[in-house]
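Make the full structure from the sequences, and use the hints.
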Amino acid sequence: MDMLIEQIIKEKIAKAIFDLYSQEIPAESVQIQNTRKDVDGDLTVVVFPFLRFSKKSPEQTAHDLGAYLKEQVEEVSDYFVVKGFLNLAISSGYWISVLAAAFEQESYGLESATDESPLVMIEYSSPNTNKPLHLGHIRNNLLGFSLGEILKGNGKKVVKTNIVNDRGIHICKSMYAWQQWGEGKTPESTGIKGDHLVGDFYVLFDKHYRQEVSELMAKGLSKDDAEQQAPSIQAARELLRKWEAKDPETIQLWSEMNQWVYAGFDVTYKELGVDFDKIYYESDTYLVGRDEVMKGLEQGIFYQKEDNSVWADLTADGLDQKILLRSDGTSVYMTQDIGTAKLRFNDYKIDKMVYVVGNEQNYHFQVLSVLLDKLGFEWGKGLHHFSYGMVELPHGKMKSREGTVVDADDLIAGMVEVARKTSEELGKLDGYSEEEALETYKTIALGALKYFILKVDPKKNMLFNPEESIDFNGNTGPFIQYTYARIRSVLRKAAEKGLTPKISANIGLKISDKEQELIKTISLFPATLGEAAEAYSPAIIANYVYNLVKEYNQFYHDHSILAEPDEAIRDFRLVLSETVSKIVKTGMGLLGINVPERM
RNA sequence: GCCUCGGUAGCUCAGUUGGAUAGAGCAACUGCCUUCUAAGCAGUAGGUCAUGGGUUCGAAUCCCGUCCGGGGUACCA
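1 is the number of the first residue of the first sequence in my numbering; add one for each residue after it.
Each hint should be verified, as a subset may be incorrect.
To be verified - Under the rule of at most 30 Å between Cα atoms (straight-line distance), these lysine-lysine pairs were calculated in the DSBU-like manner:
(1) K459 - K278
(2) K381 - K459
(3) K342 - K322
(4) K152 - K381
As the list claims (entries may be wrong) - Label pairs and their calculated CB-CB ranges:
(5) P466 - N34: 35 to 43 Å
(6) P466 - R492: 30 to 38 Å
(7) K349 - I279: 14 to 22 Å
(8) E436 - V46: 46 to 54 Å
(9) Y333 - E534: 28 to 36 Å
(10) Q228 - T186: 31 to 39 Å
(11) Y333 - Y303: 18 to 26 Å
(12) G498 - E360: 57 to 65 Å
(13) E111 - P565: 39 to 47 Å
(14) D328 - K349: 33 to 41 Å
(15) G273 - T315: 16 to 24 Å
(16) P565 - E439: 49 to 57 Å
(17) N308 - N461: 37 to 45 Å
(18) V46 - Q554: 22 to 30 Å
Treat the hints as calculated values from the structure; they're not laboratory data.
We put the CB at the ideal spot given by N, CA and C, even for glycine.
Take a look at the structure:
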């Protein structure tokens, strides 16, 4: 199989247009699509654009071209004209050779990076260290990790990175609350996961703070004044000042509480199956950002106002004025991102930078791109903000302070329980040790959660209903995992019988429409991965795998494999099954989802 | 106000650079396990693709207007 059949047909059509109608057209302009399932044929050529050359009816033109192709292209076994569409039947021999090629390639569909491959850095996760991860972070983490896998599969060099927002007023709030009401509690002394413990103090802070504000307002202060003067917030600000002044005691507490949080995050990251090649900390980058801005000021890229604040004038780029340093000289969000960019640029030879950050930051990244470009970062202009929509709950938005967040750890644990219950009811894992069974429950639970989130177009907001959203039937992760497990089971039984899947280029083999359709879907995998990488969309992979598995299940239902008396057909079906399982495993791997041998 | 993203079945979502009769799953109803795992398969029902125009052989898809919703909008991150 030297060339894809679509390409051969495109070129032949172009030639046919020339031979029949004396008109030159580029082969790439020929539209080929998969034929509708309810019509005969495999591939469809859209003939409408050729009518102005042929000066004939759509039907007549289609017949001309169909006859030409059938004559000239070996793989075209027949053609049908329906409503002006030219539908081509491709010989089963061609499809079998496609299957054989897919079967023999160890990593079918994947490209591996070479020294010349571009290096893509993906920033994702980027948590604050004052509270545990929640559902919104889960979407971020899953998208970021999956995107990394997809780009790797597409032959890019990928560096996954995390910028931890470890400094600022938020962590100082938790620190203050711990000092005041913590009674020396630690994760060890309480048995509470570190990120949750620190998060609890953040909530406690907010409770006291709001109490103080309402008391001050009762004494006649305005809301704004009360919010500024509340003792708690003043104390937190004082801690931030001490931290910036490198007060040893404050730094010590800050460092200790952050360590608790990191230990907690590590557990959650491990459960989610995500990881990073390089972690940056904002406490290391914010001063670098300030230096960069000062340099830009000296070079006249930025300007300073009378109150000493530093600004960028972006009106020439269609944007507004943007503050980069406050009048007191402290840095803002943008300043830190510039500093982080600087460090990354020093550390890696970045060709493309991708930021996985929610869509509420669209404007921020538009500005960042322009600023980095002005500061001379080569990849600044072409940076990609992988902007994803929010996860909404049935009762509205998640708000940490109002306790309406869905905690990541709780969610995962709850789903593992559902997986256990379902599995036990179905009696699927009888004979597994408790350890093996638990591993499988986790695989299923995470598969359900990840697939649910990743199958949705990233840029859209999505709704998550904790009670109803996670299903194990239909268009779900477990459905796909189940199909995989079933194939593995068949292959195990085949191995017990001493059968190894093998395929020869047996052109004479008679295969069913369903089998042929399945191979057609298999043949689409490499192009689908390319599309997903191009579009930065794990959802494209998710929907492809679902479609593949759905077709396999139909095949599985209608055909027997091991009981098939004709050995050549039996072997063919084993190869077909193994190839599907391989693609399912690869495809799910691109989503960061594992597949179980049994379930 | 301005910028930006969305609106597809009761619900959650697909729908490739414009192509044929707009597809899945869930929920509802109905069949199929003495035969490779029924977390499956098959079927019934469910649609003014928000809305009005335009472009053309052809529009859920492209353009313009309107309505509804999310997000952003210069010293929060």
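Okay, the hints, checked on the actual structure:
1. K459 - K278: holds, 26 Å
2. K381 - K459: holds, 21 Å
3. K342 - K322: holds, 19 Å
4. K152 - K381: Distance ~23 Å between K152 and K381 Cα, so the pair holds.
5. P466 - N34: 35 to 43 Å: For N34 against P466, whose Cβ atoms are near 38 Å apart, the range 35 to 43 Å holds.
6. P466 - R492: 30 to 38 Å: The hint (30 to 38 Å, Cβ to Cβ) holds, given that P466 and R492 are roughly 36 Å apart.
7. K349 - I279: 14 to 22 Å: holds, 19 Å
8. E436 - V46: 46 to 54 Å: holds, 52 Å
9. Y333 - E534: 28 to 36 Å: Holds, at about 30 Å.
10. Q228 - T186: 31 to 39 Å: Distance hint for Q228, T186 holds at roughly 33 Å.
11. Y333 - Y303: 18 to 26 Å: holds, 20 Å
12. G498 - E360: 57 to 65 Å: Holds, since G498 and E360 (Cβ atoms, about 60 Å apart) stay within the stated range.
13. E111 - P565: 39 to 47 Å: holds, 40 Å
14. D328 - K349: 33 to 41 Å: The hinted range 33 to 41 Å holds for D328 and K349, with Cβ atoms some 37 Å apart.
15. G273 - T315: 16 to 24 Å: violated, 45 Å
16. P565 - E439: 49 to 57 Å: violated, 38 Å
17. N308 - N461: 37 to 45 Å: Cβ of N308 to Cβ of N461: about 40 Å, so the range 37 to 45 Å holds.
18. V46 - Q554: 22 to 30 Å: Given range 22 to 30 Å: holds, Cβ gap about 28 Å.
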